[in-house]
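Colleague: Sequence:
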Amino acid sequence: MREFVRPKVVVSRCLGFDHCRYNGNIINSSIVANLMEYVDFLPVCPEVEIGLGVPRDTVRIVLENGEEQLIQPASGRNITEAMKAFCTDFLGFTGEIDGFILKYRSPSCGIKDVKVYPTTSLKSAVIGKTSGYFGRAVLKEFSYLPVEDEGRLRNARIREHFMTRIFMLAAFRKVKSEGSMKDLVTFHSENKYLLMVYGQEELKKLGAIVANKERKNFNELISEYEKHLYSILSRPPRYTSIINVLMHAFGHFSEKLSSKEKTLFFDWIQKYRNGKASLCPTINIIRSWAIRFEDQYLMNQTFFEPYPEGLMEVDSTESHLREDLWK
-18 MREFVRPKVV
-8 VSRCLGFDHC
2 RYNGNIINSS
12 IVANLMEYVD
22 FLPVCPEVEI
32 GLGVPRDTVR
42 IVLENGEEQL
52 IQPASGRNIT
62 EAMKAFCTDF
72 LGFTGEIDGF
82 ILKYRSPSCG
92 IKDVKVYPTT
102 SLKSAVIGKT
112 SGYFGRAVLK
122 EFSYLPVEDE
132 GRLRNARIRE
142 HFMTRIFMLA
152 AFRKVKSEGS
162 MKDLVTFHSE
172 NKYLLMVYGQ
182 EELKKLGAIV
192 ANKERKNFNE
202 LISEYEKHLY
212 SILSRPPRYT
222 SIINVLMHAF
232 GHFSEKLSSK
242 EKTLFFDWIQ
252 KYRNGKASLC
262 PTINIIRSWA
272 IRFEDQYLMN
282 QTFFEPYPEG
292 LMEVDSTESH
302 LREDLWK
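Numbering (this note's numbering) for the sequence shown: -18 to 308.
FYI, nobody ran anything at the bench for these hints, they're computed from the structure.
Please read all numbers here as calculations on a predicted model, not as lab measurements.
All C-beta atoms, glycine included, are put in the ideal place defined by N, C-alpha and C.
Any given hint might turn out to be false.
With a Cα cut of at most 30 Å, we get these calculated DSS-like pairs of lysine-lysine [what the hints assert, rightly or not]:
id, residue 1, residue 2
1, Lys157, Lys197
2, Lys(-11), Lys208
3, Lys173, Lys155
4, Lys257, Lys237
Each pair of labels, with its calculated beta carbon distance range [to be verified]:
id, residue 1, residue 2, range
5, Arg58, Tyr125, 47 to 57 Å
6, Ser212, Ser158, 18 to 28 Å
7, Val166, Asn46, 49 to 59 Å
8, Val191, Gly47, 46 to 56 Å
9, Glu(-16), Asn46, 53 to 63 Å
Please put together the full structure from these sequences, using the hints given.
Modeller: Given below as structure tokens:
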């Protein structure tokens, strides 16, 4: 069984950690709860951190003279500068982080779809959408990291992409801080199929970096590799790329299999292509062949287990296998 480095993830404290919502409530996120066994979380509530307390009067984003301000309507208090100062201080001292899970649509933590109002009046209508102050600071400062809210993570495909990224980045962080050239070569080799899914052109660039024909030192090389790793993981893979990698793996055994075994494999590929099955059955077929034919190279590939098995789900209720979701 694969051993995983525990990702370090900043999370909104109200998502299962503390009763710190404006009304004193806590939000029970099953996604965050499932991750707790495998992830080191750093919980934070920006509104509490700047002294608003629990419970507290709500805050909202108000457009004043063409600029968005963070206002507490009940008190008339403008907390924009206090929030900006907190964001700068907190994000400047988080250390090595692998991702963020923030509160959906929060005026402080939201990363999108946060309501904008024309005035502080509770009767005023919404005039637009934006990101929360802490959320936008995170997106600006850590644009290269996985940043999601608990609303978007309910989508199975988005969730899979997020988890794949945080566990790969955590593993890379260990190589970067404790490793050597040999560790980087091993990391690249074991992640080759998974990186192939995300982009073959970037994979070639990563391979050239690892080949190190210019004899660069480890620190210079790891920095260059890191830049391209962030780039290749920035967009979720298309299902056609996943099928391409499955066919690539199939090529390891194609001459050793019976016609019935081949037919079973291609049937599951077609079901996956048509959105009628998850990836799991096809993955398990390949893994069983890797064990049967003692193909250690394939058994070591993270593509077949990008994150802990306890986090893998089969969600037949969502049509998350369609390529057009990611155009």
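Colleague: Could you run down the list of hints and mark each one as holding or not?
Modeller: Status of the hints after comparison with the structure:
no.	hint	in the structure
1	Lys157 / Lys197	holds (15 Å)
2	Lys(-11) / Lys208	holds (19 Å)
3	Lys173 / Lys155	holds (18 Å)
4	Lys257 / Lys237	holds (28 Å)
5	Arg58 / Tyr125: 47 to 57 Å	violated (34 Å)
6	Ser212 / Ser158: 18 to 28 Å	holds (21 Å)
7	Val166 / Asn46: 49 to 59 Å	holds (56 Å)
8	Val191 / Gly47: 46 to 56 Å	holds (49 Å)
9	Glu(-16) / Asn46: 53 to 63 Å	holds (55 Å)
Of the numbered hints stated above, the single one contradicted by the structure is hint 5.
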